[in-house]
Amino acid sequence: MSGIQQLLEIMAQLRDPEGGCPWDLEQDFETISPYTIEEAYEVDEAIASGDLDALRDELGDLLFQVVFQARIAEECGAFDFEAVVDAIRTKLLRRHPHVFAGADAPRTIEAQTATWESIKAAEREAAAGDHAREDVADPFGDVPRNLPALARSAKLMGRFASLDPELRQAAGPAFGSELDRANRVLADVGKALEGPMASPDRAAAMRMVGEGLRAWVGIARALGVDAEQALRRADDVRVEDIRKRSAVSKVHQAGNPAHR
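For this note's numbering, add 1 to where a residue sits in the sequence shown, where the first one is 1.
FYI, nobody ran anything at the bench for these hints, they're computed from the structure. Among the clues, some could well be false.
Here are the simulated distance ranges between beta carbons [what the hints assert, rightly or not]:
id	residue 1	residue 2	range
1	141	187	41 to 49 Å
2	184	98	38 to 46 Å
3	96	52	27 to 35 Å
4	98	55	43 to 51 Å
5	184	128	35 to 43 Å
6	139	117	41 to 49 Å
7	113	187	34 to 42 Å
8	146	236	22 to 30 Å
9	31	187	36 to 44 Å
The calculated DMTMM-like cross-link candidates involving lysine to aspartate or glutamate, where the alpha carbons are at most 20 Å apart (straight line), are [to be verified]:
id	residue 1	residue 2
10	156	126
11	92	76
12	92	143
Computed from a predicted model, the values in this text were never measured in an experiment. Beta carbons: idealized from backbone N, C-alpha and C, even for Gly.
Given the sequences, and given the hints that come with them, work out the whole structure.
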């Protein structure tokens, strides 16, 4: 029996109404979802740490979440783990025609990206079915609103880039000079801070901060940088700096008679 088959058997036992685990039996899609998200973040943290042993363990935890969700779906009569595997297998074959279907290979990364987006657009249109408009499905319908905000903004900007020129121009902050946009937002913020702050316009502040963040996400994309990772790394550097300063301060205080 393969390792994955053993894992599926373990999951079946955990969900067995007769002798399974009470906690596992109580779970459903919604209650398990936060754990799935948490495990994905722990995978990301293991990657950032460079600890490959931790990465192995966290990938196992994330795999278990997939098995858990698939088991619940199987009990509902919706699909099973094999259907999940078949879905991703079919998708990978469909999205890489230059590898598996004998199509001409894209000559550049840009061409490959354009082909990829074209295939995904066709998939979205097919999935939308009766909910699609006459000639095009919602190009943003599969971008989850509960993604981290910076990651969602970057994904939307990538989607904007695949639109027709007229729609692309209407997309706004993803195009033009991102740096100019950021500077304009900063200028607006400076003017707002110079005004009366007793009763600040919260709506205007939200708009300025949102536009500023979106402009910086655009700058990050232009530089080939992931905005989420960049901010996380900057925060880590700041935290480490404060820790070092705090440690130095404590050493100085310990050696100063006035603090004894």
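Now the hints, each set against the structure:
Evaluation of the 41 to 49 Å hint for residue 141 and residue 187 yields a failure: the beta carbon distance comes to about 28 Å. In this structure, residue 184 and residue 98 meet the distance hint of 38 to 46 Å, their C-beta atoms being roughly 43 Å apart. Taking 27 to 35 Å as the suggested C-beta distance range, the pair residue 96 and residue 52 conforms, at roughly 31 Å. Taking the beta carbon of each, residue 98 and residue 55 are about 37 Å apart, not inside 43 to 51 Å as hinted.
A hinted range of 35 to 43 Å for the beta carbons of residue 184 and residue 128 is consistent with their spacing of about 40 Å. About 18 Å separates the C-beta atoms of residue 139 and residue 117, a value inconsistent with the hinted range of 41 to 49 Å. Separation of residue 113 from residue 187 is about 36 Å and conforms to the stated range, judged on CB atoms against 34 to 42 Å. Taking 22 to 30 Å as the suggested C-beta distance range, the pair residue 146 and residue 236 conforms, at roughly 24 Å.
Separation of residue 31 from residue 187 is about 41 Å and conforms to the stated range, judged on CB atoms against 36 to 44 Å. Our distance criterion of 20 Å between C-alpha atoms is met by residue 156 and residue 126, whose separation comes to about 18 Å. Simply put, residue 92 and residue 76 have alpha-carbon atoms about 24 Å apart, too far for the 20 Å limit, and the pair is violated. Between residue 92 and residue 143, the direct Cα distance comes to roughly 15 Å. Compliance with the 20 Å bound is thereby established for this hinted pair.
The structure fails to meet hints 1, 4, 6, 11 from the earlier list, while all remaining hints are met.
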